[in-house]
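Model the full structure from these sequences, guided by the hints.
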Amino acid sequence: MTPGTGGKSAVHRGRRHSEDDEARLLRTVLPVRSGPATSGPATTAGNGRVLAPAIEALVCVRTADTTDPEQFAAYLRTELAVAEVWRVAADIDAVVRLSCASLADLNAVVARMRHRGGAAHTVTYLVLPSGGDSR
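In case it helps, our numbering puts the sequence shown at residues 6 to 140.
Derived from the structure by calculation, the hints contain no laboratory data. One or more hints might be untrue.
Stated by the list, open to error - The calculated label-pair distances, taken between Cβ atoms and stated as ranges, are:
no.	residue 1	residue 2	range
1	Leu133	Gln76	31 to 37 Å
2	Glu75	Ser107	28 to 34 Å
3	Ala69	Asn112	29 to 35 Å
Here a beta-carbon is modelled for each residue, glycine too, at the ideal position from N, C-alpha and C.
See the structure below:
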């Protein structure tokens, strides 16, 4: 068993990682980029102020057995809608926070994550604004 992996062994779906590999992969994936992210043109208020994207989502991702974690991380760096990524030790490989202008944009980003990024399975959760949010 590998310490700190919630009881998982170092062999995960046919891929063998050492402790050093895991630490290196965490540094590779986090952070993807800093600053706000949008997947399309920014929405502006009447006063010209740029508003936050309309849709925020958390996507739980399990990559395909053939997808190298570095390949997936490199793909995420090219996707403008990706705001944050957390690599997790669970039955999924990563949680990705997306910021999109619309549900159609969100759907397109998740589809690309599967087709180009190497995700085998995704589950998407929309993030609802808090009561004190001014959006």
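Checklist entry - Which of the listed hints are broken here? => result 3
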